[in-house]
Amino acid sequence: MSTYFEEPNGRVALGLRRPEPGDWHHGYPEYRVVRDDERCIRCLVCVRQCPYDCTFYDPERHAVYNVDSNCVNCRRCEFMCPTNAIEIVPWGGFRENDNWRPWLIRSVYKQADTGAVSLTGFGNDKEYASYFDRMVIDASQVTNPSIDPLREPMEMRTFVGKKPDRLTHDGERYPNLQCETPVIFAPMSFGAINLNFQKGLAMAAREMGTYFNTGEGGLHPDLRQFSEHAIVQVASGRFGVSLDYLSNSAACEIKIGQGAKPGIGGHLPGEKVTREVSRTRMIPEGSDALSPAPQHDIYSIEDLRLLIYAIKEATEYTKPVSVKIAAVHNVAAIASGIVRAGADIVVIDGFRGGTGAAPTIIRDHVGIPIEVALAQVDERLRQEGIRHEASIIAAGGIRSSADIVKGLALGADAFYIGTAAMIAVGCTACQQCHRGKCSWGITTNRPDLARRLQPEVAAERLANLLRGWGHEIKEMLGLMGLNSIESLRGNRLKLRGVGMTQVELDTLGIQQAGL
Amino acid sequence: MRRVYPLEERCINCHLCEVACIVEHSATKLPLAAYHVEGLRFSAEDSRHIPDPAESSERGVPKPLTRTVVQTVEYLSISTTCRHCEEPDCVLACKNGSLYKADDGRVLLHEDKCVGCWMCIMACRYGAITRNPTKRNVPAVRNNGVNHHCDLCPDRETPACVWVCPTKALVFEDRDAP
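These protein sequence lines map, in sequence, to chains Z and V. Each residue of the first sequence is one higher than the last, beginning at 111 in the numbering used here. Each residue of the second sequence is one higher than the last, beginning at -14 in the numbering used here.
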């Protein structure tokens, strides 16, 4: 708990504020903490909960103060206040300007102040039109009966992995992931998120018959018991990768790119590399964990094939191997190459995907939407007759069960949810993941903050989310007259576009609504 | 019997248990009234040290003091309340019978008997007893007061601290050996 005179940047909440030439971006707060002093009972819960040095207590005057420029709108104090005395409101802002938006002005100030690359967390928050929101779903009327999922069985089970060329009774079968729901938890590494959240993901995955992904941070010994539900990732930094790691898994994933930051490597700030993280990642404590931008042993599809088969050999062909790429231009041709290189699963991560830390400019401007990437990859693999050789997992921007149903119709086999999973356990989308002091205890390894998220609570909420989405997916399948996810997969006739150009409709492979 | 047990690994040091305790034991059970009307001079921090009772009586009913205290060491924190022991040391130590073991297992206080000798505080191995300076039965003694400890919220099914805890770090359960 801090008192008002302990403020780290030297400015005193009560004292005279000096407009500092080197600190312009703090001069204009983004948010204001409006505290109703009549309702405030000075219980100091907000002071204890704020990790961003925004709320202070003055014991002499028995008063609570806020430094508005430090507020990030995480709303933890608002949530915890026992008398509803706090409201966070946006700061009035600069003169209205549709071109120079407030965040652009602030970003220029910040870089003029520091001369550095502006970092952020979370996912792309800019105003790109969403294709998901311009697609609508078909329903059965008169000429074909809809199905009531509460009265009739609905098949939600999904097998993810390579399928045989033709159906035989005693033919070769390939290792597949068996998901009871088409939703898998996205790769989020131990380090970027804390062990409590990862345990929650693992427990929810086990309960709901699906999988969680370790991300590039290795598998903590505490998570070994969940290895049957773990997808382990091999990324360019190779943190924590060993034969033991690859064998204790349901599937192995080679990470080439990430939707939030295609083409650049990961960066885990040294402050987040605690003793446990250092042991799991096999790197020194407190050192920055920098993954290279490319995998330095993969400069071509042929090189990728070598790594895929190295992993398959190491795991004795018992596990599917997945390759995760960011959705970029020409993604269809790249995905085709990945399948031909021997991958059992292709993961495509759209530009709305989240990250623990990325340069803001890259998060906001690089990559393409998952909807078009997914449609193009599915189309291309079908044309080339290799769609059965790999499953497609769509990631990056899945927000609801409707997105999942639309994605299924566009051809995805399963989906990764990362941001939705974080929001399920309390995230308020304040985009401070990179600072390592998440006030909700999600993207932080500080022990006093991490304990705010308990694995059991997280697991229960995550399982509830998947259960709710499952019911909704079944309802939507039923109203289309379908009784299994298999019947919807790649069935683009069930989708229509609203307010799109012909080129957009053709790219997505769907028709205009009304036709 | 059912007791309040803290789960150390879940406590996030928010002190809402103290707020709930104060509100529950106030005259109105309303937070704003409890804190603002029933004694403006007492803050959450004040409950740790002892103000002069004469000062608070100017404002009528004093705000109750918390019966649970969150103890903090670095990032570890824990809410400490009376254990209502099977064989309570405080009851043994009490020299005039103002502390007693009730039939339902709770350790309770005859408030009008306590003379503030603080032997109960000396005897308690959990540090769960504090001083309540807002009442005093021996006016001649300065800094006198009465024993103050958890009464398991007689007006409630579940104690207020357990009900309010946002991370379920307090549980109310029966752990006695059968």
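Keep in mind the hints are simulated off the structure, nothing from the lab. Accuracy of the hints is not assured; some may be wrong.
[Claimed, not checked] Chain Z side only, calculated, beta carbon under 8 Å to chain V, not exhaustive: (1) ILE151; (2) CYS153; (3) LEU154; (4) ARG158; (5) GLN159; (6) MET190; (7) ASP407; (8) ILE411; (9) GLY447; (10) ARG561; (11) ARG562; (12) GLN564.
All C-beta atoms, glycine included, are put in the ideal place defined by N, C-alpha and C.
Each hint, compared with the structure:
1. At its closest, the beta carbon of ILE151 (chain Z) sits 4 Å from a beta carbon of chain V; the interface hint therefore holds under the 8 Å criterion.
2. For CYS153 (chain Z), the interface hint holds, the least distance from its beta-carbon to any beta-carbon of chain V being 5 Å, beneath 8 Å.
3. Checking LEU154 (chain Z) against chain V: minimum C-beta separation of about 6 Å stays under 8 Å; hint holds.
4. Because the beta carbon of ARG158 (chain Z) sits about 6 Å from the nearest beta carbon in chain V, less than 8 Å, this interface hint is met.
5. For the restraint placing GLN159 (chain Z) at the interface with chain V, the shortest Cβ-Cβ distance is roughly 6 Å, inside the 8 Å limit, so the hint holds.
6. Because the beta carbon of MET190 (chain Z) sits about 6 Å from the nearest beta carbon in chain V, less than 8 Å, this interface hint is met.
7. Because the closest C-beta pair between ASP407 (chain Z) and chain V is about 41 Å apart, greater than 8 Å, the hint is violated.
8. Annotation: ILE411 (chain Z) was flagged as interfacial toward chain V, and the flag is violated, the nearest CB pair being 48 Å apart, outside 8 Å.
9. Because the smallest distance between the Cβ of GLY447 (chain Z) and any Cβ of chain V comes to about 48 Å, over 8 Å, the interface hint for this residue is violated.
10. Against a cut-off of 8 Å between C-beta atoms, the interface hint on ARG561 (chain Z) holds, since the closest Cβ of chain V lies about 6 Å away.
11. Interface restraint check: ARG562 (chain Z) against chain V, minimum CB-CB distance 5 Å, threshold 8 Å, status holds.
12. The beta carbon of GLN564 (chain Z) is positioned within 8 Å of a beta carbon in chain V (closest approach about 6 Å), and the interface hint is therefore held.
Hints 7, 8 and 9 from the list above are not met by this structure, while the remaining hints are.
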